[in-house]
Amino acid sequence: MKLVQYLYGIADNALILGQRLGELCGHGPNLETDIAMTNISLDLLGQTRSYYQYAAQILGGDATEDTIAFLRSEREYKNVLLVEQPNTDFAYSIGRQFLFDVYHLLLLQELQLSQDETLSAIAKKCIKEVQYHTRFSSDWIKRLGDGTPESKERMQNAINDLWTFTDELFHQTEADQAMVSEGIGVDVTKLKDNYYQKINEILIESTLAIPEMKYFQKGGKHGIHTEHMGYLLADMQYMQRTFPNMTW
Amino acid sequence: MTTTNIHIEPQLAEILATVSDPEIPVLSIMDMGVVRSAEMNGNIAEVTITPTYSGCPAMDVIGDDIKKALRDNGIEAKVNLVLSPAWTTDWITEKGRNALEKYGIAPPLEPEADIAALLGNQKIVKCPQCGSHNTKMISQFGSTACKAFFQCQDCQEPFDYFKCLK
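Going line by line, the protein sequences match chains A and B. Numbered according to the UniProt record's numbering, the first sequence spans residues 1 to 248. Numbered according to the UniProt record's numbering, the second sequence spans residues 1 to 166.
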């Protein structure tokens, strides 16, 4: 069951970020970014399905990818706080995406080497998609950072505000530790230096300041979420909670 | 969830070639390279397919269409989905690439050229309408995740470019 918890730790990030991006459907700042962000959402939801299908197979019984996605309570979601942050404005959505994509790519590069054949296969599939996500978000960081005074200010504010959620990406849970020792999981603590180096490179290129904040928020990996998470789940789970077992 | 054998029985290949990609109707799933194996196991055809993108909504439809096409030929089918080895645009056949271009979608370039094109550094994507290379990227994501959106600056037509996936 540690493996299931480990899968949640990875897949819940994809699901919750996918849901956040999905909220932008029809609300993007222009048609192209609207389509891009919902396409990234679709990739992430597809990736989530692969992990959840695997988790459901391990859980057995009545578990399915849908019960995992729609019938867990807030505390049972193990996503990091970063991905649940709201679409305050476009700079926040892009900042959140960028800070996650760089991590996501580093994680998948290592997960490809997992001793678990299924996890390795999923990672190899996802990494091709995440390369495009990373390119998209990095490109926008540069455009907004090195854009007008207004776009620069807003991009900087978003990075400053979201920075507090970055350190949690490199915290290990008990499930993480167990899976690392079995050669299945990725030791995220080892990704940290590389992550901040890559992030800093792009921030510098974007003429943005690297935040100096040293206070970091955490909790998501243990199911302790920010106030935004409940609203997100209420929206996402509405149909299954209101009409249990409904199908399309 | 992995497969190494790519064996497609000729009799089944013929039928599978009649199943098209629901998002790109000019392309058969054989030309798309999503069929990884197809074998008769007793009376049942076992067909293995792989998704182009994880979230590709066409996969469920493709699975149903395969079953229907085979049933129309008197064969019951079982469709499996595998993720490994992961699909690459290299598996699109030459015939498929030509069909894409004829349909108005620029076929994928090699990885380095693809990056250069998507970062807008080089004008190398050929307009499928007029053949000009004087084209401009509008968005890295087009009507579906597998495509980017371009516009030709000579004939002014917008078009999709099928992104390289390797």
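Simulated from the structure, these hints should not be mistaken for laboratory data. We put the beta carbon where it would ideally sit given N, CA and C, even for glycine. Hints should not be assumed to be uniformly reliable.
[Stated by the list, open to error] As a list, the in silico DSS-like pairs of lysine-lysine whose alpha-carbon atoms are at most 30 angstroms apart:
| id | chain 1 | residue 1 | chain 2 | residue 2 |
| --- | --- | --- | --- | --- |
| 1 | A | 214 | B | 67 |
| 2 | B | 78 | B | 136 |
| 3 | A | 192 | B | 166 |
| 4 | A | 124 | A | 198 |
| 5 | A | 214 | A | 124 |
| 6 | B | 166 | A | 124 |
| 7 | B | 67 | A | 142 |
| 8 | A | 2 | A | 124 |
| 9 | A | 152 | A | 124 |
| 10 | B | 102 | A | 198 |
| 11 | B | 102 | A | 142 |
| 12 | A | 152 | B | 166 |
[Unchecked claim] Covered stretches of chain A, going by a simulated chain B footprint (3 or more residues, C-beta under 8 angstroms):
| id | region |
| --- | --- |
| 13 | 79-87 |
| 14 | 194-202 |
Problem - Hints violated by the structure (listed by number, smallest first) - result: 1, 2, 5, 7, 9, 10, 11, 12, 13 and 14
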